[in-house]
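There are 2 protein chains.
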Amino acid sequence: MCLIMEAAEDHDGGVLAAPPNFSMVEDGIYRSGFPKPENFGFLTSLNLRSIIYLCPEPYPEENLKFLEANNIKLFQFGIEGKTDPPTPMPKDTVLDALKVLVDVRNHPILIHCKAGKHRTGCLVGCLRKVQSWCLSSVLEEYQKNAGLKWRQRDMSFIEAFDTLSLRQCLLSIMYRYHGYGFKRKRLLHEEENVQTPKPQAAKV
Amino acid sequence: MCLIMEAAEDHDGGVLAAPPNFSMVEDGIYRSGFPKPENFGFLTSLNLRSIIYLCPEPYPEENLKFLEANNIKLFQFGIEGKTDPPTPMPKDTVLDALKVLVDVRNHPILIHCKAGKHRTGCLVGCLRKVQSWCLSSVLEEYQKNAGLKWRQRDMSFIEAFDTLSLRQCLLSIMYRYHGYGFKRKRLLHEEENVQTPKPQAAKV
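Protein sequence lines, in the order shown, are assigned to chains A and B. Going letter by letter, the first sequence gives residues 5 to 208 in the numbering used here. Going letter by letter, the second sequence gives residues 5 to 208 in the numbering used here.
In short, the hints are calculated from the structure, not lab data. Errors might be hidden in some of the hints.
Same chains, same label: a pair holds when it works inside one copy or across any pair of copies.
Said to hold, decoys possible - Under the rule of at most 27 Å between Cα atoms (straight-line distance), these lysine-lysine pairs were calculated in the DSSO-like manner: (1) K148 <-> K118; (2) K40 <-> K133; (3) K148 <-> K133; (4) K118 <-> K153; (5) K69 <-> K148; (6) K40 <-> K148; (7) K95 <-> K69; (8) K69 <-> K153; (9) K86 <-> K148; (10) K153 <-> K77.
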C-alpha cells in the first residue's frame, strides 16, 4: 500500500539529509546543489543511474567513490559559474546536457551544479520549454529555486533558448528508429552511440 | 526514447500553463497553488486520479466540472487560512489528509490550497517526516515553496508533528493485510474503506 513507508524504512532508521536545494523535476529527474557525503544516504534512496554535473571543476574524490560504489554514471558539462564580467551561458553545452537529460536510459538522473540555482536552473528551464511549458511557468520555477539570487541574464537565456534543434535531433532519432520496422524493438549498439553524447568525464 | 517529447506533443501544440507555485513532490504526488481554468490543460497532462484541497471554501463550479470530466476524485480538508488571531494548524485534519496522500490508490494526486505555501507546505512537510527526511531538509523545502511568506508557526507545527500515529495506522493496515495470508492479494471492498477516509466533499 505505501511505498513511501517502505522507502523510509529501508535505510536502517537514520534520517535522510537531502542535498541543498533539492527537488524533483519529473519522474526520474531530480535537481539540487552540490551533494556532500552526508547526503549520500539520501541519494542512495533515489536509485540514481546518472548525474549531470554542470561545473568545470573536477568532481571530488569522495563523490567519485560514491558513484563508483553505486554504479552511477557521471556526465560532466563544465559551465563557468560566477565570473567578472559574467560569462554567457553556453547554449551548445546546455543543448548537449539536455540530450543526456531527456534520454530515459540515463534515468533516474540528478542534475546539480554548486548552488543548484543558476546553471541547474537554466538547464531545467530549457527542459520545461521542450515540454511546452509556457514561459511564465518556466520562469516562476527558475525563480523559486534561485530565491533571492535569481539573475535576469539566466531568465533571458531560457527565454531565448531555441528548442528546435533538440526537437529535430530527437525526431531524427525517432525516425531512424521507426525506420527499421516494428520487428526491431531495440537499436544496435553502434546506433545507440548516436543518441548518447559521450560524458566529458570518464565513466567512473 | 523520449516520454517528455511525447507528453509535450500530446496537447495539440499549445503551451502548458502550470498552476502557480507548482512542483513535483514524489512520483505521483504534485503540489501547487489554486488551479484556474487556464491551468486545466496542464493538469490534464498529469493524468490525476485525485486532488487534496485544503481550504474550507467550496470548490469552484468550473473546477468541479473539470474534475468530473476527467474522473478526478476530490478530497477536501477544510483548514482555515490567514485569520486574526492565527488559527493553529489542526493536526488531526493534517493526519487525515496524510492518510489519503500516502495511499497510492489515490495517485497521481495534486495537493493544493490557495497559495500552495502554508497549508500545502505543512502537509508536504509532514509527509517528508514520514519519509524520514531530516528536519533541516524538510524546512528548507517548506521555505523554498513559501518564499518570503514563510511562517515560523508552520515550521514549528511541522517540527512538532508526530508521525507515529500515521505509522501505527499504516502498520496496522499492513498487518491486517498480511494477516489474511498470501492467497488473498487484495482487500475486500469493506476492508478498503478502512484505508480510505471519506472525502468531505462528495465524489464528483
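Going down the list of hints, with the structure as the test:
Taking the shortest Cα distances, K148 and K118 sit within 27 Å of each other both inside one copy (17 Å) and across copies (17 Å). Taking the shortest Cα distances, K40 and K133 sit within 27 Å of each other only across copies (21 Å), while inside one copy they are farther apart (30 Å). In this assembly of identical chains, K148 and K133 lie within 27 Å of each other by CA distance both inside one copy and across copies; the values are 17 Å within and 22 Å between. For the homomeric pair K118 and K153, the shortest alpha-carbon distances inside one copy (13 Å) and between copies (26 Å) are both at most 27 Å.
Within a single copy, K69 and K148 get their C-alpha atoms no closer than 32 Å, and across copies no closer than 31 Å, so neither meets the 27 Å cut-off. With identical chains, the CA atoms of K40 and K148 are at most 27 Å apart both within one copy (22 Å) and between copies (20 Å). Taking CA atoms no more than 27 Å apart as the test, K95 paired with K69 passes in neither setting, with 31 Å inside one copy and 43 Å between copies. With identical chains, the CA atoms of K69 and K153 are never at most 27 Å apart, being 32 Å at best within one copy and 40 Å at best between copies.
Both within a single protomer and between protomers do K86 and K148 lie at most 27 Å apart by alpha-carbon distance, with minima of 19 Å and 22 Å respectively. Proximity of K153 to K77 under the C-alpha cut-off of 27 Å is found in neither arrangement, the shortest distances being 30 Å within a copy and 39 Å between copies.
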